[in-house]
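Engineer: Residue strings, one per chain:
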Amino acid sequence: MFMRFSATPLVIATSALLAACGSSVPNPNVPEGTTLELAVLSTTDLHQNLLSYDYYRLAGVSGSGTLGLAATASLIKAARAENANTLLVDNGDATQGTLLGDFQALDQPIPCSATLAIYRAMNSLGYDAAGLGNHEFNYGLPFLSQTLNTDLGVAGVAKPAGNCGAPNHPVVNSNVTSISSGNPILPPYVLLNRNYVAKLPNGDAYTLPLKVAVLGFVPPQVLDWDAKNLAGKVAVTGVVESAQKYVAEARAKGADVVVALSHGGLDASPYSPKMENASLHLTTVAGVDALVTGHSHLIFPAAKEPNGPKLDASLAALPAGTVDSDKGLVNGVPTVMAQSWGRRLGIIKLTLVWRGGKWVVQKGSSSAESRGLAYTDGKTFVTPDAGMAQLVDAEHQATIAYAKQPLGVNTDFAMSAYFALVGDVSAIQIVNQAQIDYVKNLLATTTDTTLKSYAGIPVISCSAPFKAGRNGAGDFTDVAPTASSASPVALQVRNPGDLYLYGNNNLQAVKIKGSDLKAWLETSAKQFAQIDPTSTAVQDLVPSYSTIFNFDVFYAEGNALTYQVDVTKPVGSRIVNLRYQGQPVADSADFIVATNDYRASGGGGFPGIDGSKTIYKSLDANQAVVAAYLRRQTGLSRALNGSGRAWSFVKTTTAGPVVLRSAPGKLAVAQSLGLPQVTAEGSLDASGYARYSIDLSK
Amino acid sequence: MRPRLVATGLLALALAACTPAAPRDAAAVEALGMQAAQTRDAGALRTLQHWAGAAPAPLNALAARELGLALAADPAQADQARRWLTQAASAGDAEAAWTLGDAQRRGGLGWTPDPAAARPWFERAAAAEHPAALLALARAARNGEAQPRDPVAALALLQRASRAGSAQAMYLLSQAYAQGEGTAPDLALARHWLEQAAERHHPPAMQDWALALEDGRLGVTRDAEAAREQWREAGEERRNRWR
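Residue numbers (the numbering used here), protein chains in the order written: chain A, 6 to 703; chain B, 5 to 247.
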């Protein structure tokens, strides 16, 4: 009782002093047993998702698909209302991921004077600190330097003169150092002096200073993933080694609380400085009080809302003695992962007690939560913050306008996939030409001795009609449908995405034998039913479109590779007359095939194509390769870019009708393409596809 | 730049003069190996060499491997890299053995491509359940590379590689179960291993998992929203998993 009375006036005095000068000073007069509750709020892996919007479909997303920082902002507001003392941090991978991110970094790089949209949004929310993620390196060090308004101390990477737009909060990282300077490229940690409301033993509330250290870590793999941007410029150390150095340093400088922002997941394998997801091991470093994790886009601890997603299997498999997935404790350290794209807010509540002249974290009463957008009842999603939509509206609209901008090249022919299964290549040849161009250029300019030795080997390419009925009768590639030589059509920025549907694919090259090529073509030809020429029943040429992306169509420059498909033969013996430059392809012949990572690593189960024949892995997306190639053309013509049909059917007379299902109303397209096999449009089937009559004797 | 080079030189001299302390643990060796590979720092290379130990001293296989990997980044030092990696592999380091096998097969480290010569290295690493080495042997068996085709042996190797953590092996194992290669078809196992490979962000597996969520192949429960999420994940991951 006496202590309480005697201590209180002193604390009041200290508190008043602090309020007056606003700085942090030691608190020798804080009564023993005073408590302070701090809620560390965290976002991670926002990936430039501001609004709940899908830039690929150019459409908003709502309901259970809601995402974006504008929605998280509502969670942040609620958490701030619930907790007197909060700290808001972000754990990296904030700047890359949507078309908006690419637009601001690559397509129309923002000037020094501007601030990235994601940082403007974060500034409006008053973040206290942030770490980097691996994706922050995707756009290169000069861009990072500009957008953080920070000299990274890396030789050859100059920060633009003057003050560039940047986040208001400090951005920290402790395990990436400049090779030229030997110093970290960013502050390894920041010491934040904050005044928080504490509770005296008598229950009274008082404002006291707290020194919070925030440290950042990225996976060492950044050097591999972004070698192009980073090799020879920066070095990466293991996260535990960095933590051991800088946590101790921050503590020595008076940090009361240490928050680690670790852009990595939880992996219980023995520690190695090379490991990608080393966050778990940070809890073994003395002095870490709260751990914010990310990178693997998971929810930790387990979602608390009713009917929430169950704990991811990889997290459930972590040893229970180390990891408590209900409370969110790793080795007793409160730990959180807020999924990704702004769909969750990490909330770590720390209880500090003033004991023996310092703040001590009460591990037993700390808690962690990964709060989702429907946290109240599991089904009502928060309303995204309208103010933020206004704040970033200009950037949002500019991105949408960009997607609809002209690409800078005209086409004199329509590119469609309606009749790709009877030989039309109007939507495929240009992709193959772009891929061949890319790989030929690579082989001509490489310094790699192995790749150089492949210089004389023919480069061919394959691609598929990716949008050809898989998702219904309306799901067909159809770019510039009105184009003709009399009135060419300007392609738009988004059209490469129509021609090459899978934005997740990277270009790769494989080196194969003629025998592999034949097996590859046979596998593609599995798409066709075996046609019985004697049958009088209706036969569907392509019974299912579910794996139509595995119908690889090959091409060599000048249409030098040709082959025929005999659909009357069983799977595995349908390819005949396979020729390159007019000569039969020998089993022992060498070819380099430009394709994608899906196929090269085994997608579709093509014999022998399982990663073992890959000779080159590009960081460039096939979609980007196509876009870049299109931009370099003066114009596209059917003669040069749309009529190089490598394959045809072996002519067969059938007793009964053969049909091909496609979108209704496209007979004129077949006629303009010069496909005499397509003779008539028939009735619709139950799914809305029109049944076109196919004459295989033509 | 120049003062730093001088400093590095002095450090090297100092290191030559006084013997570096023994490594604290395996992580310390790997940490120095990373530094040596990334910065080409002469002092780091020298310390690694000291730790690796020259005959007649017993070899520290881990330090020899890290030294070999650091030297391998420089084509001019391919011979030295091979020598240290060979010593490490001979002393039981599986990663070194796999590195040598891969270089031998593809024609790295100054070798001409020779799949048959790569095999003993892969086998040595596979004996320690090295995932990439098991995968290499599995692919050789399924493709008949420098050996007769053997789908049954390939399946067993894919199982081992998958259990050892290779996402690419999990993906190929999923295909083997789906298509009945070296085994009777088993859709449940095909589904299981596809999901496992996708969880580990193997690009083709992420794509096939997204497709399966869309159309229910392999008995996967259709979920349009989860599919969209998976496509987005795959799009983001392509920048990480491109190698």
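Bear in mind the hints are in silico, worked out from the structure with no lab data behind them.
Just so you know, even glycine gets a beta-carbon here, dropped at the ideal spot from N, CA and C.
Some clues are possibly wrong.
Taking beta-carbon pairs under 8 Å as the criterion, some of the chain A residues facing chain B (in silico) [stated by the list, open to error]: (1) ILE184; (2) ASN188; (3) TRP230; (4) GLY243; (5) GLU246; (6) GLN249; (7) HIS302; (8) GLY508; (9) LYS622; (10) ALA626.
Below, simulated SDA-like cross-link-like pairs (lysine to any residue); rule was C-alpha separation at most 20 Å, straight line [stated by the list, open to error]: (11) LYS618(A) - ARG245(B); (12) LYS518(A) - ARG243(B); (13) LYS315(A) - ALA228(B); (14) LYS622(A) - ALA77(B); (15) LYS656(A) - LEU583(A); (16) LYS622(A) - ARG243(B); (17) LYS315(A) - GLU203(B); (18) LYS233(A) - GLN151(B); (19) LYS618(A) - THR43(B); (20) LYS238(A) - ALA77(B).
Here are some chain B residues the structure puts well away from chain A; computed CB gaps all over 10 Å [what the hints assert, rightly or not]: (21) LEU63; (22) ARG87; (23) ALA188.
Engineer: I'd like to know which numbered hints this structure contradicts. Please list them from smallest to largest.
Structural biologist: 2, 6, 12, 18 and 19
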